Amino acid sequence: MASTASPGTRGAGRTDLGRPFRWLLASAAASNAGDGITRTLLPLLVVAHHPDPAAVAGLTAVNMLPWLLFALPAGVLVDRADRRRIVLGSNAVRAAALAGAALVLAQDRPLGLLYALAFVLGIAETLADTAAPAMLPRLVDERHLERANGRLSAAQIVLNETAGPPVAGLLAGLTAAAALAAGGALYALAALLLLGLAPLARTEPAPKPDGARSAQARGGGRGGVLRDIREGVGFVLRHPTLRLTLAASTLYGLVFSATFSMLVLLSDRTLGLSGTGYGLLLAAGSLGAVVGSWLAPRAADRLPTVRLAFWSLTASGAAYVLLGTARDPVLAGLALAANGVFMMGWNIPVMSLRQRLTPENLQGRVMSVSRLCAWGTMPLGALLGGLLAEILSVPAVFVVCGTVLAAGALLLLTLLRGSQATAGEPPRPDPHTDLFDKG
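In the numbering used here, the protein residues as written are 558 to 996.
Bear in mind the hints are in silico, worked out from the structure with no lab data behind them. From a predicted model like this one, the values you see are computed outputs, not experimental measurements. Even for Gly, the Cβ is constructed at its ideal location relative to N, Cα and C. Just so you know, not all the hints are guaranteed correct.
As the list claims (entries may be wrong) - Cβ-Cβ distance ranges computed for the label pairs, FRET-style:
id : residue 1 : residue 2 : range
1  : 825       : 791       : 43 to 49 Å
2  : 731       : 859       : 33 to 39 Å
3  : 835       : 618       : 21 to 27 Å
4  : 626       : 661       : 23 to 29 Å
5  : 800       : 835       : 36 to 42 Å
6  : 731       : 837       : 21 to 27 Å
7  : 668       : 943       : 21 to 27 Å
8  : 859       : 974       : 27 to 33 Å
9  : 791       : 661       : 40 to 46 Å
10 : 937       : 666       : 40 to 46 Å
11 : 974       : 612       : 44 to 50 Å
Whole structure, please, built from the sequences with the hints as guidance.
Written out as structure tokens, the structure is:
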């Protein structure tokens with residue numbers, strides 16, 4: 558799995574990632590645009606007809622629930638089936654669900670039906686967002702994983718987080734049916750674009766002894782799924798690098814959700830910004846993330862992967878502390894922009910590292926474990942943010958969370974260095990597997 562390229566030659570010059578990746582990128586761009594519209598539109602529909610904070614919170618919970626319920630089984634399915642078909646089918650299901658909703662919800666918008674739509678979209682997202690990253694090592698040379706992940710991340714930020722919400726607002730101003738139909742059309746386009754990819758047949762794992770094969774043959778159904786889940790979780794927990802980066806991702810998920818849930822209050826109460834000012838703060842963070850998606854692959858050409866990732870995580874913690882102590886909106890915007898850069902400095906190298914270190918037949922399960930820990934903890938993080946704000950203050954949430962994130966990143970980096978030192982492995986020249994020294 559390891560690359561033999563040196564930091565100075567990896568990804569040098571303009572990189573053509575190939576036609577298969579371009580099809581994947583185009584499909585991801587369309588689906589991210591659909592995400593940006595639907596994630597903004599559904600809360601607007603709930604608020605318009607059911608203006609109750611509990612109803613809006615319930616929509617978010619229902620939409621995220623599939624990550625808790627189905628993330629690990631989704632990883633098993635991704636490792637057993639054609640990953641392209643899973644993503645294609647997930648986009649087709651989302652297109653059909655939104656097209657049906659555009660007809661049914663044109664007049665009446667019962668809360669139960671909106672919740673059902675959010676749940677179906679959440680299941681499809683769980684499958685698609687597990688399968689798509691697992692496809693990437695089959696589509697691009699592993700030397701270029703950081704660049705490929707960087708371009709996918711930029712598409713997500715621009716279309717999902719930046720362009721999607723205002724477009725959804727404009728469409729909702731026309732009719733809800735038009736907005737739902739537009740989201741469905743984008744998912745349908747995403748499915749069609751994946752037809753440009755050849756089928757990605759499952760790669761079989763290495764042959765097993767006869768006893769293991771017979772046990773596997775008897776272990777179909779639920780037992781087989783549980784066995785496959787244990788295999789994926791066990792692989793992550795036994796691998797020092799994957800285990801400790803998973804712990805860091807879990808910590809980051811808690812910190813991100815705790816701080817983001819309080820950002821609107823920081824903007825209003827501490828910085829004295831209007832709704833437009835809050836939007837500009839979010840735009841500053843998105844702009845920083847776009848810049849980071851361009852910088853991170855280039856930094857990965859010159860720095861060992863884990864060093865880059867964990868120092869970016871430490872710097873992200875410092876940016877949160879700066880945001881919590883800022884009283885000037887410009888300084889707060891700069892802190893959020895810097896945090897966006899450092900967030901990509903963590904996300905892109907770690908995603909590429911997981912893809913690089915994971916065998917082909919475990920890609921889906923390792924991805925599902927990481928998504929479950931990072932995203933499944935976000936509701937808990939939001940609750941912790943609210944609790945800290947009640948006990949201390951809103952700015953203190955950012956200071957405390959940023960300090961914990963920076964300290965935790967440094968501690969995990971030290972533990973990972975210690976695990977490599979005690980493993981007694983001979984030094985290797987590859988910058989991805991020799992994690993602390995440049996090749």
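Enumerate the violated hints, using their earlier numbering and listing them in ascending order.
2, 8 and 10
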